[in-house]
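Undergrad: One letter stands for each residue in the lines below.
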Amino acid sequence: MDLSDLALGLEIALSPTNVLVCLIGVALGTAVGVLPGIGPTATVALLLPITFNFDPTASLIMLAGIYYGAQYGGSTTAILINIPGESSAAVTALDGHEMAKQGRAGPALATAALGSFFAGTVATVLVALFAPPLSSAALEFGAAEYFSLVVLGLIASIVLASGSLLKALAMIVLGLLLGMVGQDIYTGTPRFTLGARELYDGIDFVALAVGLFGIAEILRTIAGGATRAVKVEKASRVWLSREEFGQIAKPVFRGTAMGSALGVLPGAGHVLASFTSYSVEKRLSKHPERFGKGAIEGVAGPESANNAAAQTSFIPLLTLGLPTHPVMALLIGAFIIQGIQPGPDVINAEPELFWGLIASFWVGNLLLVLLNLPLIGLWVRMLKVPYRVLFPAIVAFSTIGCYSLNLNSFDVFAIAAFGLLGYVLIRVGCEPVPLLLGFILGPLLEENLRRAMIISRGDPTTFVTRPISLTLLLIALAAFVVAVLPAIRRRRDEVFVEED
Amino acid sequence: MSTPAAPGVPGGDDSTTTHRSIALDDVVAGALFVVMGLGFAIGALGYDLGTAFKMGPGYVPLVLGAVLTLLGASLVGTGLIRRDRSEDEADVAPGDVPWRAIVLITAAVLIFGAGIEPLGIVPILLVTTFVAAIADRRTTLRDAALITVGLTVLCVLVFVVLLQLRLPLLGPWLGG
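Residue numbers (the working numbering), protein chains in the order written: chain A, 6 to 505; chain B, 2 to 177.
Because the hints were derived from the structure by calculation, they are not lab data. Keep in mind the model is a prediction, meaning the values are calculated, not measured. Glycine included, each C-beta is placed from N, C-alpha and C at the ideal position. Each hint should be verified, as a subset may be incorrect.
To be verified - From chain A, some residues computed to sit far from chain B (all C-beta separations above 10 angstroms):
(1) Ala175
(2) Gly251
(3) Arg295
(4) Leu430
(5) Leu454
To be verified - Footprint (simulated), chain A over chain B, 3 or more residues, beta carbon under 8 angstroms:
(6) 42–56
(7) 61–74
(8) 101–113
Working from the sequences, and respecting the hints, build out all of it.
TA: Have a look at this one:
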């Protein structure tokens with residue numbers, strides 16, 4: 006890494022406009038993220054349309070800000086009302102909510118914020134260090150390597166998913182097929198458009214995302230009896246005592262290290278990171294019996310791990326164009342809408358965007374600490390917004406946001422269609438995340454498969470005779486075998502229900 | 002993930018697990034995938050398939066459609082013979098389908114799509130949010146009216162005033 010690159014990034018990230026959009030992103034992300042029942046993926050999907058009014062750099066900085074804000078909001082709900090916004094925050098709820106019940110919500114929130122800030126700072130440097138060499142390595146990738154990489158990404162995403170493997174696989178394939186709707190890249194033939202001109206450019210990505218993560222989730226939540234009375238624990242003294250600082254220091258370091266490493270993994274690296282960190286802290290502790298009863302280490306480690314992983318998961322996104330996380334898949338969609346194909350070219354073609362975005366991670370994390378600790382009272386009030394007010398708001402935001410992009414009613418109708426499809430699939434036990442990954446990666450998979458076959462003159466062995474491609478496929482195969490081995494499946498299920 | 006899986010409790014607490022039963026959710030999911038897979042595969046046959054060397058627009062969708070059909074069929078198969086179903090939480094119990102919410106939320110979205118151009122953002126928001134609000138049967142009409150007005154004001158502030166999207170407040174049908 007050249008220091009001047011990071012300096013360029015900081016200069017861009019610290020420009021008044023970009024600090025402002027970052028601030029707006031972080032604040033909006035937290036505000037929506039703390040609303041009960043709306044996790045980070047849904048938050049990013051819902052707020053996606055409003056970021057498109059800015060230039061690409063500002064828009065992506067804002068989106069990244071929304072993402073950290075949403076994650077932080079998810080931890081806040083986990084601690085205060087025991088409702089984690091997503092699976093990685095479920096670990097935080099174990100001890101965080103216990104702390105809150107003992108009247109220590111303030112220290113728990115401060116731990117989450119400071120741990121996340123430290124982890125975010127370290128991981129930002131790691132991204133800056135590792136992204137450029139990986140980008141140049143990836144530039145050497147041909148079509149065969151890219152195809153194998155996408156296969157690996159798709160397979161890895163199901164290894165850590167919970168529930169039925171068959172269903173996850175089917176959802177990926179369905180996503181891939183939906184991604185193929187529209188004009189064929191090589192011949193221009195319109196495919197599966199059912200006669201609708203609007204589908205020539207493919208299914209609208211925002212409509213798909215808000216349908217699956219906005220509308221379908223509303224139906225799931227309403228069916229699940231949404232209007233439970235929420236008991237919010239009080240947050241007093243939002244800071245840490247010297248003793249508490251001592252207790253969290255090591256877990257934060259270890260969590261950061263584990264999270265940074267695991268975040269790069271395709272699939273659910275961030276979930277794995279927080280679970281791993283929690284069990285490591287519990288094992289290393291002299292008093293493991295305190296875990297689950299309000300141990301501050303049980304908040305510090307997983308929160309740091311989670312945030313470090315959130316940050317390093319940008320490495321595969323920025324260097325390979327490979328999403329490792331549903332939010333990253335949404336970000337890829339945002340890149341494409343802005344006219345940028347995420348991948349190894351971004352660093353050279355758009356250095357300002359690339360380094361500005363990376364530097365903004367750090368700015369965003371800093372703003373998060375500055376903004377959220379003093380504003381905790383406001384977030385607590387947002388937590389109390391009843392769901393019957395919330396879901397009409399989600400409907401309104403989804404529809405206006407999606408319509409405003411192309412001023413096209415067809416996209417709004419598509420939201421309804423994907424909302425219904427998503428709900429039916431959720432009802433029969435199919436989580437929508439693999440579908441989204443498939444949808445994003447479908448065109449990439451097909452394009453590279455076809456190109457590789459043309460280059461090899463129709464010889465399919467090209468995928469196993471090129472060493473990098475072979476390695477990637479072998480890793481994918483290993484991941485798949487691991488996922489289907491019954492012993493490991495059982496352990497995986499145990500991890501996910503651990504101390505539920 | 003949100004549904005607790007009751008670890009450590011031996012089967013039998015749930016009435017559906019005591020007998021050899023059909024995992025209805027797997028069967029329905031599988032059937033859905035078969036239908037969609039066949040749809041894509043048959044559709045793909047209408048396009049030029051090409052060869053493995055030079056794949057046409059139909060090649061990859063045909064293969065994936067076939068794969069989806071097979072995956073769906075095996076889901077139906079495992080669903081019909083599976084005994085132990087502790088792993089899956091999503092039971093299909095026809096009784097608790099939230100029909101009211103499904104119909105009204107979908108209607109709200111469709112109404113927005115159909116009405117935004119002729120009516121403009123203010124009237125269509127009033128209708129959309131109201132229809133959405135009454136999807137929860139516990140919401141009284143008075144509350145729904147309050148939610149409607151509040152959300153309409155909020156959305157106009159956010160999208161028209163702050164973000165300056167070019168959405169006409171009143172559409173051509175209303176003289177806007």
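Undergrad: Tell me, in ascending order, the numbers of any earlier hints that this structure violates.
TA: 1, 4, 5
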